[in-house]
Amino acid sequence: MSAVLSGTRGSSSVRVICYSPWLVHFNTGACNGCDIEVLAAKTPLYDPERFGIKLAPSVRHGDILLVTGAVTKKAGERLKRLYEQMPNPKFVVAIGACAISGGVFQGSYSVLGGAGKVVPVSVYVPGCPPRPEAVIDGVLKLLEMISRGEV
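Numbering (our numbering), first residue to last: 39 to 189.
You may find that some hints are simply not true.
Okay, the calculated beta carbon distance ranges per label pair [what the hints assert, rightly or not]:
hint, residue 1, residue 2, range
1, 92, 186, 19 to 29 angstroms
2, 115, 88, 28 to 38 angstroms
3, 145, 165, 17 to 27 angstroms
4, 144, 116, 18 to 28 angstroms
5, 178, 111, 27 to 37 angstroms
6, 82, 158, 27 to 37 angstroms
7, 186, 147, 38 to 48 angstroms
8, 89, 145, 33 to 43 angstroms
9, 89, 187, 17 to 27 angstroms
10, 89, 158, 20 to 30 angstroms
11, 146, 185, 35 to 45 angstroms
12, 169, 95, 23 to 33 angstroms
13, 58, 175, 25 to 35 angstroms
No lab work stands behind these hints: they were computed from the structure. Quick reminder that beta carbons are idealized off the backbone N, C-alpha and C, glycines included.
All chains, please: the whole structure from these sequences, using the hints.
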């Protein structure tokens, strides 16, 4: 990923992501509390499009992968496959306690833990569940990090 940011693909692609990121949301399995908050963050009430944030029609068009839920063995395989299908540069935001560490499901026989055990995570948004404002703030923090070249 550092090769992309240093300019092998061109700095314009990174700049475009900062202005108009396309999000892909993937639930790896949990109580769906974080999913409800992510869906709320995408509504006109919070209006993420004012920041240029839009939903990707397909994972193959996504720039940022939002992961919610504890990563199970089966979901871990799918998560890795989704991540591999995304074009470079690609980034991951883990949303909620379950996506960060496995949450209350940590230690269960079928739970691998957080998303960071399967894919590289750029930003963690804590909470159980985090508020929609925190979800949007996490994406904006990632965009700031991208523009400064920190990820």
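Here's how the hints hold up against the structure:
Between residue 92 and residue 186, the C-beta spacing of about 22 angstroms keeps the proposed range 19 to 29 angstroms intact. About 36 angstroms separates the C-beta atoms of residue 115 and residue 88, a value consistent with the hinted range of 28 to 38 angstroms. Checking the proposed 17 to 27 angstroms range against residue 145 and residue 165 shows it holds: the Cβ atoms sit about 20 angstroms from each other. Here the CB-CB span from residue 144 to residue 116 is close to 20 angstroms, well matched to the stated 18 to 28 angstroms.
Judged by the Cβ atoms, the range 27 to 37 angstroms given for residue 178 and residue 111 holds: they are separated by roughly 33 angstroms. The given range of 27 to 37 angstroms is respected by residue 82 and residue 158, whose C-beta atoms sit roughly 32 angstroms from each other. Against the hinted window of 38 to 48 angstroms, the Cβ-Cβ separation of residue 186 and residue 147 comes to about 41 angstroms, which satisfies the hint. Restraint check, residue 89 to residue 145: a C-beta distance of roughly 37 angstroms satisfies the suggested window 33 to 43 angstroms.
At about 20 angstroms, the beta-carbon gap between residue 89 and residue 187 stays in the expected band of 17 to 27 angstroms. Under the hint 20 to 30 angstroms, the C-beta atoms of residue 89 and residue 158, about 23 angstroms apart, fit the expected range. Checked against the given bound of 35 to 45 angstroms, the beta carbons of residue 146 and residue 185, roughly 38 angstroms apart, stay inside it. For residue 169 paired with residue 95, a C-beta distance near 27 angstroms keeps the hint of 23 to 33 angstroms intact.
Between residue 58 and residue 175 the CB atoms are about 18 angstroms apart, so this pair departs from the stated range of 25 to 35 angstroms.
Going through the hint list in order, the structure does not satisfy hint 13, though it satisfies all others.
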